[in-house]
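> Residue numbers (numbering that gives the first Met the number 0), protein chains in the order written: chain P, 0 to 693; chain V, 0 to 121.
Since the hints were made in silico from the structure, they are not lab data.
Think of the CB as a built atom: it goes at the ideal place given N, C-alpha and C, for glycine as much as any other residue.
Mixed in with the good hints, there may be bad ones.
SDA-like mimics (lysine to any residue), calculated; alpha carbons at most 25 Å apart, straight line [said to hold, decoys possible]:
(1) P:LYS308 with P:THR298
(2) V:LYS113 with P:ILE645
(3) P:LYS155 with V:LYS74
(4) P:LYS153 with V:SER45
(5) P:LYS197 with P:THR151
(6) P:LYS72 with V:MET91
Quick look at which bits of chain V chain P covers, simulated, 3 or more residues with Cβ under 8 Å [as the list claims (entries may be wrong)]:
(7) 13-22
(8) 73-82
Take a look at the letters that make up each chain.
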Amino acid sequence: MTIDMAQFQLTFLEEAAEHLVDLESGLLELEQHGQTDMSAIFRAAHSIKGGAATFGFESIAEFTHVVEFVLEKARDGELKPTEELTSQLLQSVDIISEMVKAVREGTDVTPEGREDCLAALQGYIENPDRGTAVGLEPTSTSSPESRLLQITFKPKPSMPATGSDAANIIRELANLGEIEVSCHTDEVPLLSDIDPEKMYLSWDIQLSTDATTEEIEDVFVFVEDDAEISIETRAAVQSEQQSKSKESETSTTGKSEEKPKQQINKKENAEANKESIFIRVAIDKVDQLINLIGELVTTNAMVEQCSKKLDADENQTLKSAVVEMSSHTRNLQEAIMGIRMMPIDFAFSRFPRTVRDTASKLGKQVNLETTGNQTELDKTVIEKIVDPLTHLVRNAVDHGIELPERRQECGKPAEGTIKISAYHRGGNVVIEIQDDGAGLNREKILKKAIEKELITTETAADLSDEDVWNFIFDSGFSTADKVTDVSGRGVGMDVVRKNIQALGGAVHIQSEIEKGTCFTVSLPLTLAIVDGMALRLGRETYIIPILNIIESIRLQPEQCRTMQDGVEIVDIRGEYFPLLRLSEVFGTTEENTTSQDINAGITVVVESDQTRLALQVDELLGEHQVVIKNVEDNYRKIQGISGATILGDGRVAFIIDLSGLVKLARENGRFAKASKFGALKMAQTTQRQEEVAA
Amino acid sequence: MSKTILTVDDSISIRQMVAFTLKQAGFNVVEASDGEQGLQVARNNSVDLIITDLNMPNMDGLQMIQNLRGDAAYKFTPILMLTTESDDTKKMAGKQAGATGWLVKPFNPEQLLKVINKVMAA
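Take the sequences, apply the hints, and build the full model.
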């Protein structure tokens, strides 16, 4: 039978990645607290090695074997887990990761430093047993010639206790040639003395075979300690072979009693993570489900819409069925989206390493605290957010936390703290990265911004703190005194923001000099479906994500004022918001547009990027669950539009991207520069800043 | 009726490979991810042969074998252990615990079937 191993390789690679995470976190724990569950990390390395060898990744197996050996020594207390050793082991984890990655991506590169690391590890073990011998492979190459063998096989009475059956052995011998068996029953006791669980028989066997001596010995490999076995060549055909078989004659028994009992790992971590039953499913199957449910949600909306037009009395059954179907569809959708949800720990788990490496490179002392690791987020979102978050974390260590001496001068503990937390807020997941470091330097950033001609000296004073902080997201903007290999090149922060925005999320900064900086990243739970409010502009329908909507209100003309620079603002219960007439922004001003008169349409107050603004629209059409279809894939990016969806009646509606909208409006001069509205920002922002300050 | 084999391993890929190979060869396969689960599965099913890894969380292979040998139903059932170590101490420890035989990793499907054939009549 031939079995294609390739089908299991992918599972192995995935599994290896998980083991590497365990290995790494175990080593970090060891480094920090001087102890960890050594058996667990040993097991992780062990599993990687075993799998790699089985699935044909020899270089991984070979390398991991040495790592495993070192870990085994450390586990058994033969090696002290010095800092040097853990560092070396952490490096080896990286190398294994790279090898795994190389295999996954089909590139054939040997990770840099592999040989050095291997040599260093071997330095820890005087006698690395490199043997990964395969027990059962026939190793003999001696040409098989037919000959007659005389075999005696006398099992110990205890042989059945290990599940060995003499009949199997004789059967196996019989497969090797012509066999003649005689059974000795002279040791069978009287019936009254028989222990039915013991073996009392022995055999004389004549075997005419062309099998090699090794093959014959192999038959007895499991019972060689449980039986007296002798193999003699009766009629030698080749003298050479005779001598060979003589060597292996009469291997006697008794070893088992003398051998010391191998140290067995105790049943540790009793609290242990009981593995619940999982099945592994290819991600594209899940994606397909998500696509299908998306279509179903759309179709359901169509059916709903059609049924609304029907007469209620005549179609009562149909109508109630449609209501039921909608509820099932919604539940189904939630369940399916749930499949792809993963705890954000998948992203968080790599930060201890990032912090450790960055801090040690810079000579800083940093303590990392994470909370909310179990907060769930769509897998695709997690995958895309890992890199931006890593960048922010690394920046926090590099730019945020000061050197120990400097911290002490400021009266802070030498060890800095970075807190990463995740939690749900509304339909968003919020991730905060907070450091207690130097904070952002307003003057320094302004100076740089003026230098780069982003602003003039005159306008600089008008800018709110948050506007100033936002400059660090501009490309090529770095205030680091010197460029290090950690950060400071000014590439990255713009990418960070772009990536977060591409996910439909936003990032905000709160900072106070000498107190620290907090980056708040908010992300949608999922990328595929959004709860939206449909609204009409002229003849077109647009969608605004419900989450962004604060309220909808019909305004009176006196609530609307025009400022000197032509910007309109509205007064809602004493709060002022900039007003944006959407029909103007999207150029849908047509004869049916009523939004010219403020009291003819309706005003929707929305919040985006912690800024509130009022949108003037013609009509609200109701809540819809909309499946997001990508526009960029089929056309190109449209500013102010995050995607499109198909409505119940089959028409296409655009989904408004509020942060893009604000930008677009600003460019068109319909919206004053942000500084004007510093005072209008969410009360929450101030509140949070106070919290940070406190 | 085809024989049932229990495979116990904390590595999903190895378990998958073993299970696939065995199913191809016409066996029924039940799986467990550690010794504790292995005991449970063995006790809830009638298993004709057990293939187990040694290094596993919660309960390792040796302990599971010892436990199984204490059960009347599994006193004489062939039990194969998977081991990466080719050294004899591990094998001896396994035999003492009551294992019938072993299979050294890495192994391929052919070797697996060959060893099964060694300890269990088809």
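> So, for every hint listed, does it hold in this structure?
Okay, the hints, checked on the actual structure:
Proposed proximity of LYS308 of chain P and THR298 of chain P is supported: the alpha carbons are some 16 Å apart, at most 25 Å. For the given pair, LYS113 of chain V sits about 59 Å from ILE645 of chain P by alpha-carbon distance, which is inconsistent with the 25 Å threshold. Of the supplied pair hints, the one linking LYS155 of chain P and LYS74 of chain V holds, its CA atoms being roughly 17 Å apart against a limit of 25 Å. At most 25 Å may separate the alpha-carbon atoms for a hinted pair to count; LYS153 of chain P and SER45 of chain V exceed this at roughly 31 Å.
A hinted pair counts as satisfied when its Cα atoms are at most 25 Å apart, and LYS197 of chain P with THR151 of chain P qualifies at roughly 19 Å. Restraint check: the Cα-Cα separation between LYS72 of chain P and MET91 of chain V comes to about 20 Å, which is no more than 25 Å; the hinted pair holds. Counting residues of the region 13-22 of chain V whose C-beta lies closer than 8 Å to any C-beta of chain P gives 5; at least three are required, and the coverage claim holds. Counting residues of the region 73-82 of chain V whose beta carbon lies closer than 8 Å to any beta carbon of chain P gives 6, which reaches the threshold of three, so the coverage claim holds.
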